[in-house]
Amino acid sequence: MHELSLVASVFEVLEDEARRHGAAKVTRVVLKVGVMSGVVPELLLSAFDMYKKGTLAETARLEIVPVPVKLRCPGCGGEAVREDTDFSCAGCGSRRVEIVEGRDLFVETVDLET
Amino acid sequence: MTAKTITVARDLLASNKLAAAAIRQELRGRGILGVNLLSSPGSGKTTLLETLADRFRGRFRMAVIEGDIETERDAERIRSKGVPAWQITTGGACHLEARMIGQVLGDVPAEIDFLFIENVGNLVCPASYDLGEDLRLVLLSSPEGDDKPAKYPQAFLSADALVLTKADLLPYLPFDPARAAAEAQAIKPGLAVFTVSAIRGEGIDGLAGYLVGALERLRSGLA
Chain A
1 MHELSLVASV FEVLEDEARR HGAAKVTRVV LKVGVMSGVV PELLLSAFDM YKKGTLAETA
61 RLEIVPVPVK LRCPGCGGEA VREDTDFSCA GCGSRRVEIV EGRDLFVETV DLET
Chain B
1 MTAKTITVAR DLLASNKLAA AAIRQELRGR GILGVNLLSS PGSGKTTLLE TLADRFRGRF
61 RMAVIEGDIE TERDAERIRS KGVPAWQITT GGACHLEARM IGQVLGDVPA EIDFLFIENV
121 GNLVCPASYD LGEDLRLVLL SSPEGDDKPA KYPQAFLSAD ALVLTKADLL PYLPFDPARA
181 AAEAQAIKPG LAVFTVSAIR GEGIDGLAGY LVGALERLRS GLA
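Chains as they are written, first to last, in the working numbering: chain A, 1 to 114; chain B, 1 to 223.
Any given hint could turn out to be false.
Just the calculated beta-carbon pair ranges, DEER-fashion [unchecked claim]: (1) B:P171 <-> A:S46: 44 to 50 angstroms; (2) B:I199 <-> A:A80: 18 to 24 angstroms; (3) B:A178 <-> A:P74: 26 to 32 angstroms.
Quick look at which bits of chain B chain A covers, simulated, 3 or more residues with Cβ under 8 angstroms [to be verified]: (4) 11-22; (5) 93-100; (6) 125-131; (7) 147-155; (8) 176-190.
Hints are computed from structural coordinates only; laboratory data are not their basis.
In this text the structure is predicted, and so the values were computed from the model without any measurement.
For each residue, glycine too, the CB sits at the ideal point set by N, CA and C.
Extracted from the complex, chain A is given alone in its bound form:
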């Protein structure tokens, strides 16, 4: 439910990257959203469309790439993507696993027009 403040962080990144590359316009943004990040993609999309009016990204399209949970097992060294919340190793069944992907929020790429 804090998607609007996350979108404000997206715009800080966009403004910074546009300045750094001397760009006047952002035309596309790709966000990687972990399925365990606690963020709802639909709300991010509507917050982005609300926020972009009158900015350098006024015509930009936001694309969201969901990132599934990826587990690493320190016991057997296995790595696997997990679709449900049963966080155990697919290889050896151990419950002592680390979540290596699927909790983060990243701005992956931005398309800039100069």
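Based on these hints, arrange chain B on the given structure of chain A.
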């Protein structure tokens, strides 16, 4: 006019993570255990802190940062126990962020043992924000139902311990503490579980012992 795709790979929570790391370093340097409390509204976070204040009185010193959307009510309840408390009113924001904690950290007395941070009542958003704590407790009260861990996995995944509160109501409710614990531990293996009644004091010794153990580990790591 030329268009190009730039790979940036920038973390949206990077500024919060940085602020949290600075808080963690400062608290550890002062030998203070930071504890972040997460739960739905009305799960008994403030009542649990009142009971811990009574339990620790004369043995350990604590301070509390209260997060709420509006009002000083929770900080006043804690202060009436003789415990220093600061109220952060977020004015609508659904969670506390590390930067907000950083703003009051300078006022927190150096000689305390525990700094409790009571997050905004919300089982979703606070899970994503590291506040620089060393221990995260998630509370689940018996009236909420024992099926919540699988419905709100992020909160349980991010926690170190689960506190099942309002155990005094268990005779009247279909809440099964074993089921809640098993569901939460399926999400977070090794999650410590405590069943307590803050108003009757049941189970508080176990939780207090766990907190003191974590404090001692933090301090022994300082040597």
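| request: List in ascending order the numbers of the hints, as given earlier, that are violated by the structure. | output: 2
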